[in-house]
Amino acid sequence: MAATTGESRYEDSASGRVLRWLASTLRLMARNKVGFAGFLVVTTIVLVSFVGPIFVPEDETVQVSQIYQSPSLSHPLGTDSEGKDVLSQIINGGRPILTIGFLAAAISTTIAVTLGSLSAFMGGRVDTGFTWLADMVLTIPQLPLLAVLAGVLSLNSKFAVAGLIGALFWPTLMRAIRAQALSLKERDYVESARALDLGTPHIVFREIAPNMAGYIAINFTLAITASMYTVVALTLLGLVPLSENNWGVMINLAWTRGAIFSKDSVFYIMSPIAAIALFQLGLVAMNRSLTEVFDPRLRRGS
Amino acid sequence: MGGTPIELEHVSRFYGSGSQQVRAVDDVSFTIRPGETLCLVGESGCGKSTTGRMMAGLLEPSEGRVLYGGTEVGSLPDEERRSFRRAVQIIHQDPYASLNPIRNVTQILRAPLQRHKLVKSRSELKSRLHELLETVGLTPPEDFLKKHPHQLSGGQRQRVSVARALTVNPEVIVADEPVSMVDVSLRIGLLNMLLSLQRDLGVAFLFITHDLAVAKHFSWDGRVGVMYLGRMVELGSTQRLVKEPAHPYTRALISALPEADPELTRNKERLRLRSPDIPSLLNLPAGCPFHPRCPMYEEGLCDTDRPAEDAVVIDGHLAACYVAAREFGQEDRIPESSRRPPPGPVGGRRDP
Amino acid sequence: MDGQKVGEDKVLSVRDLEVGYATDRGRVRAVRGVSFDLADDESLAFIGESGSGKTTIGLAVVRLLPQTASIGRGEIVFRTASGEDLDLTTLDDEALRRFRWRECAMVFQSALNALNPVMRIRDHFADTARDHGGANGALKGRALTERATECLQLVQPDPERVLGSFPHELSGGMRQRVMIALGLLLNPRVLILDEPTTALDVLTQRAIIEVLRKLKEDFRFAMIFVSHDLSLAAELADRVATTYAGRIVELGDVEQVFYQPRHPYTIGLLNAVPTLEGELQELTSIPGSPPDLIDLPSGCKFHPRCPYATEKCSEEDPPMIEVAPGQTAACWHWEKVASDWEARGGERHGRNAHRA
Numbered sequence: 371m372a373a374t375t376g377e378s379r380y381e382d383s384a385s386g387r388v389l390r391w392l393a394s395t396l397r398l399m400a401r402n403k404v405g406f407a408g409f410l411v412v413t414t415i416v417l418v419s420f421v422g423p424i425f426v427p428e429d430e431t432v433q434v435s436q437i438y439q440s441p442s443l444s445h446p447l448g449t450d451s452e453g454k455d456v457l458s459q460i461i462n463g464g465r466p467i468l469t470i471g472f473l474a475a476a477i478s479t480t481i482a483v484t485l486g487s488l489s490a491f492m493g494g495r496v497d498t499g500f501t502w503l504a505d506m507v508l509t510i511p512q513l514p515l516l517a518v519l520a521g522v523l524s525l526n527s528k529f530a531v532a533g534l535i536g537a538l539f540w541p542t543l544m545r546a547i548r549a550q551a552l553s554l555k556e557r558d559y560v561e562s563a564r565a566l567d568l569g570t571p572h573i574v575f576r577e578i579a580p581n582m583a584g585y586i587a588i589n590f591t592l593a594i595t596a597s598m599y600t601v602v603a604l605t606l607l608g609l610v611p612l613s614e615n616n617w618g619v620m621i622n623l624a625w626t627r628g629a630i631f632s633k634d635s636v637f638y639i640m641s642p643i644a645a646i647a648l649f650q651l652g653l654v655a656m657n658r659s660l661t662e663v664f665d666p667r668l669r670r671g672s
Numbered sequence: 141m142g143g144t145p146i147e148l149e150h151v152s153r154f155y156g157s158g159s160q161q162v163r164a165v166d167d168v169s170f171t172i173r174p175g176e177t178l179c180l181v182g183e184s185g186c187g188k189s190t191t192g193r194m195m196a197g198l199l200e201p202s203e204g205r206v207l208y209g210g211t212e213v214g215s216l217p218d219e220e221r222r223s224f225r226r227a228v229q230i231i232h233q234d235p236y237a238s239l240n241p242i243r244n245v246t247q248i249l250r251a252p253l254q255r256h257k258l259v260k261s262r263s264e265l266k267s268r269l270h271e272l273l274e275t276v277g278l279t280p281p282e283d284f285l286k287k288h289p290h291q292l293s294g295g296q297r298q299r300v301s302v303a304r305a306l307t308v309n310p311e312v313i314v315a316d317e318p319v320s321m322v323d324v325s326l327r328i329g330l331l332n333m334l335l336s337l338q339r340d341l342g343v344a345f346l347f348i349t350h351d352l353a354v355a356k357h358f359s360w361d362g363r364v365g366v367m368y369l370g371r372m373v374e375l376g377s378t379q380r381l382v383k384e385p386a387h388p389y390t391r392a393l394i395s396a397l398p399e400a401d402p403e404l405t406r407n408k409e410r411l412r413l414r415s416p417d418i419p420s421l422l423n424l425p426a427g428c429p430f431h432p433r434c435p436m437y438e439e440g441l442c443d444t445d446r447p448a449e450d451a452v453v454i455d456g457h458l459a460a461c462y463v464a465a466r467e468f469g470q471e472d473r474i475p476e477s478s479r480r481p482p483p484g485p486v487g488g489r490r491d492p
Numbered sequence: 038m039d040g041q042k043v044g045e046d047k048v049l050s051v052r053d054l055e056v057g058y059a060t061d062r063g064r065v066r067a068v069r070g071v072s073f074d075l076a077d078d079e080s081l082a083f084i085g086e087s088g089s090g091k092t093t094i095g096l097a098v099v100r101l102l103p104q105t106a107s108i109g110r111g112e113i114v115f116r117t118a119s120g121e122d123l124d125l126t127t128l129d130d131e132a133l134r135r136f137r138w139r140e141c142a143m144v145f146q147s148a149l150n151a152l153n154p155v156m157r158i159r160d161h162f163a164d165t166a167r168d169h170g171g172a173n174g175a176l177k178g179r180a181l182t183e184r185a186t187e188c189l190q191l192v193q194p195d196p197e198r199v200l201g202s203f204p205h206e207l208s209g210g211m212r213q214r215v216m217i218a219l220g221l222l223l224n225p226r227v228l229i230l231d232e233p234t235t236a237l238d239v240l241t242q243r244a245i246i247e248v249l250r251k252l253k254e255d256f257r258f259a260m261i262f263v264s265h266d267l268s269l270a271a272e273l274a275d276r277v278a279t280t281y282a283g284r285i286v287e288l289g290d291v292e293q294v295f296y297q298p299r300h301p302y303t304i305g306l307l308n309a310v311p312t313l314e315g316e317l318q319e320l321t322s323i324p325g326s327p328p329d330l331i332d333l334p335s336g337c338k339f340h341p342r343c344p345y346a347t348e349k350c351s352e353e354d355p356p357m358i359e360v361a362p363g364q365t366a367a368c369w370h371w372e373k374v375a376s377d378w379e380a381r382g383g384e385r386h387g388r389n390a391h392r393a
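Taken in sequence, the protein lines are chains A, B and C.
Oh and the first sequence: position 43 is 413 in the working numbering, straight run, nothing missing.
Oh and the second sequence: position 270 is 410 in the working numbering, straight run, nothing missing.
Oh and the third sequence: position 128 is 165 in the working numbering, straight run, nothing missing.
Hint data in this document are derived by calculation from the structure and do not stem from the laboratory.
Accuracy of the hints is not assured; some may be wrong.
What the hints assert, rightly or not - Not the full set, but computed from the structure, chain A residues with beta-carbon under 8 angstroms of chain B:
(1) E452
(2) D505
(3) R557
(4) S562
(5) R564
(6) A565
(7) L566
(8) L568
(9) E614
Where is the CB? At the ideal position from N, CA and C, for every residue including glycine.
The shape of chain A in the complex, shown without the other chains (with noise of 0.2 angstroms):
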């Protein structure tokens, strides 16, 4: 593919390029049938949880006498022990459990692909001690631990909950990348970088970490599902403080008001949970497009 002159100034500016990118990303999502559909459902369910609210907004008004209806028009997914509409409040309850998945999943990402590829890469006293770390992180059990740290502190900010998260998170993944990086390392074109005297971070960060892209966008997705199942979880144990809304506290409040007993509220109940569900499986399955996304030879096209 020689550059050829007299292409237009558009196609080469900087959106031009980015616009480019976007369509070659999703033709190769398409690739897998299976994977494109996992990316429609998570891109809807990210759209509606995070535009949605703008044009629903949560049903506020308590109405006693409409509690645990069934589905109605005017009430697609039915009522909840207050009367109020439940389908406004799943469009408004996916942004906060989102949010902390995501951040979690990022912070812990970032610290195993950093520990782990500076600990294959460098070796020695370094790789025994951040190994080391990642085993005494390991072995604290992770759920009674968030239980008590979440007691302790006060878990008042997305961030706070997230960093929590993401900072326990890590040594599987890190142990992951630093056995891909250890094979890596070992590539020929590494070791040319190490002759050429290119330096530690260059290798790390520009020879080795993008090449296990793929591996780590894949990991990445995974990581989130841990994070929201856990966040989840600490909402249900009543440990994160119910000040807003979200998917968790309508199953913490499901549980805690008895909505279990009652055959009227199923839709409340299960709602939350299949929303939920349904963004885990979206994730799950658009990871099978994720490995043709990140190679580079079916993306350049030739």
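For chain A, the structure is supplied; the task is to place chains B and C on it using the hints.
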């Protein structure tokens, strides 16, 4: 490009210890002089690749020293140590693993140029990239700048590898089997390109190969070192080695090589080895490592001491074989301890 | 293998064979019309580089092509030991099973993954015998061990030790010998060897070449070698076929192809291989690169790299033309090629004469 000789002095590389120790490279010494070609030839497991990597500073020797311009690399001041690092570059065997798949040619070549501040402006970078690609025969350069490795053929990738090595103006290139995985019809082009680097830029080569015919062609005016089980068994000028090999292993290699000429190869006399077994590095025999297979083996002479590298010395050509020493009239170079008469029948006859 | 009728019996006849692979980028025509005969006691070497189609030809004969491959056109006729003529392209699975290894066996490269790592060598022989055993009962028990030992003895000196070993306990050279012995187990009429000496050390290669030479001398069966190594053909072949971009471009006796080549690609190969013997030669590469099999050039597929190419070459793909008794070459300008070659002394460019 500067002429600093690089010397390996009694260099060894071990793995493990005690009875489980593997001596991948065992007491190897030689010097690469500025602008010369030295081929390291041997079969798999002989230690030639490991030796090359030690010369390039990518592996630490377990014993012995690497000297850059006469000074040990370990005790060089930082500035000069970095100079040494850049002075020796490496190109690999597998064209499909030697380049980072997610980077294009420009990015691959730009990284060392920018890191070591070898270019000072975008236009200088551009002209240097063009120059490098032309030097390795990738013309016109514009066609290759934006390509990714998977868009290039094996031979083209090797050339990009060489261009990358040239970015830092090396004095020595360690070429580890650079043509073994390239199509036969393209090998000569690559070899001629490398030779042109020697001729025009004064780059010296440590050329590692298992193919003695390629070594002969590449290093015709240079030297060849033959390695076996981690040791250097013969070292000397290519022309002499190919026509009058001293060490029995070299003779076996030459005799075993099939030639692309039916009458020549079907009528060539083949040296028979004593045993088909290949000894493992974990279980080396006493004395000369080749003796279990050697057609010139002599009991008592070959199985006690390991022959020194310079058992035979003829005009700077070395061979590590006592039987050969006797053949060349250099019997006095054989140490006393190895001149024990073989246990024979009554009386212990001494060999003439 | 023990005493066929004396004569020029043909054991294999291939006509206009076409094989293609389905890939992401479209259908790749790996073999584009290959025709040749094989006598029942000759060795034929297919020499070519990447993309030449040589391995595909070998796999097609023994019908071991991968799932993505399909035989387009052409016929492969095999004369069995009982005198029957089989069209291999039409055999069903059962018949193929009886055909493989008993009539025609394949010896793969000695890579570690050619043998099942959790089975001992003895079990590999048992498996092969059982899978292809057929009508007169599979070789079993003591008969099997005897036959396996016999085969192993043909190729190397210590059968008992090898039979009890696992593949990873054997060196590359030993594994290659085991692969050859496995091929010989059921007495096939044709043995197909895929790169038998590639990836082996020089001394081990020599040993394998001597093994094959001895088998050739002692037994009557046909061999097809597939290799990129010209010197292997020089050692063992009776006839040589040079292949390029899915076709045979030159076919003839080993002496004809090496000493009187008529196709520019063959000459290019000969000029590109260094010899150990003699002084420094003037060697040349063939310019350009091997062709992309999906996007082949028009006319003669070699023309972009050929010093003799004319306009006709870019328009019409030449057929195999008889250039000498028993020798054919696919080149419009073979006569000029021949006269240039003779003008240079009738030998490889720059080499010392080895012939009287």
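Q) With a cut-off of 8 angstroms, does the beta carbon of E452/A approach a beta carbon of chain B closely enough for the hint to hold? A) The hint is violated - E452/A has no Cβ within 8 angstroms of chain B, the shortest such distance being about 54 angstroms.
Q) Against chain B, with CB atoms and a cut of 8 angstroms, does the hint on R564/A hold up? A) holds, 6 angstroms
Q.
Let's test the interface hint: is any C-beta of chain B closer than 8 angstroms to that of R557/A?
A. At 6 angstroms from the nearest chain B Cβ, R557/A passes the 8 angstroms test, so the hint holds.
Q | Restraint satisfaction for S562/A [CB to CB of chain B, less than 8 angstroms] | A | Because about 6 angstroms separates S562/A from the closest Cβ in chain B, which is inside the 8 angstroms limit, the hint holds.
Q. Taking the closest Cβ pair, is A565/A under 8 angstroms from chain B?
A. holds, 5 angstroms
Q: Tell me if L568/A is really an interface residue toward chain B, meaning its C-beta lies closer than 8 angstroms to one of theirs.
A: Since chain B brings a Cβ to about 5 angstroms from L568/A, closer than 8 angstroms, the hint holds.
Q: Identify whether the interface hint at L566/A stands, where standing means a beta carbon of chain B within less than 8 angstroms of its own.
A: holds, 4 angstroms
Q.
For the restraint on E614/A, tell me whether the closest CB of chain B is nearer than 8 angstroms.
A. violated, 42 angstroms
**Q.** Given hint D505/A near chain B, where the shortest CB pair must fall under 8 angstroms
**A.** violated, 27 angstroms
The structure fails hints 1, 2 and 9 (numbered hints given earlier, in ascending order).
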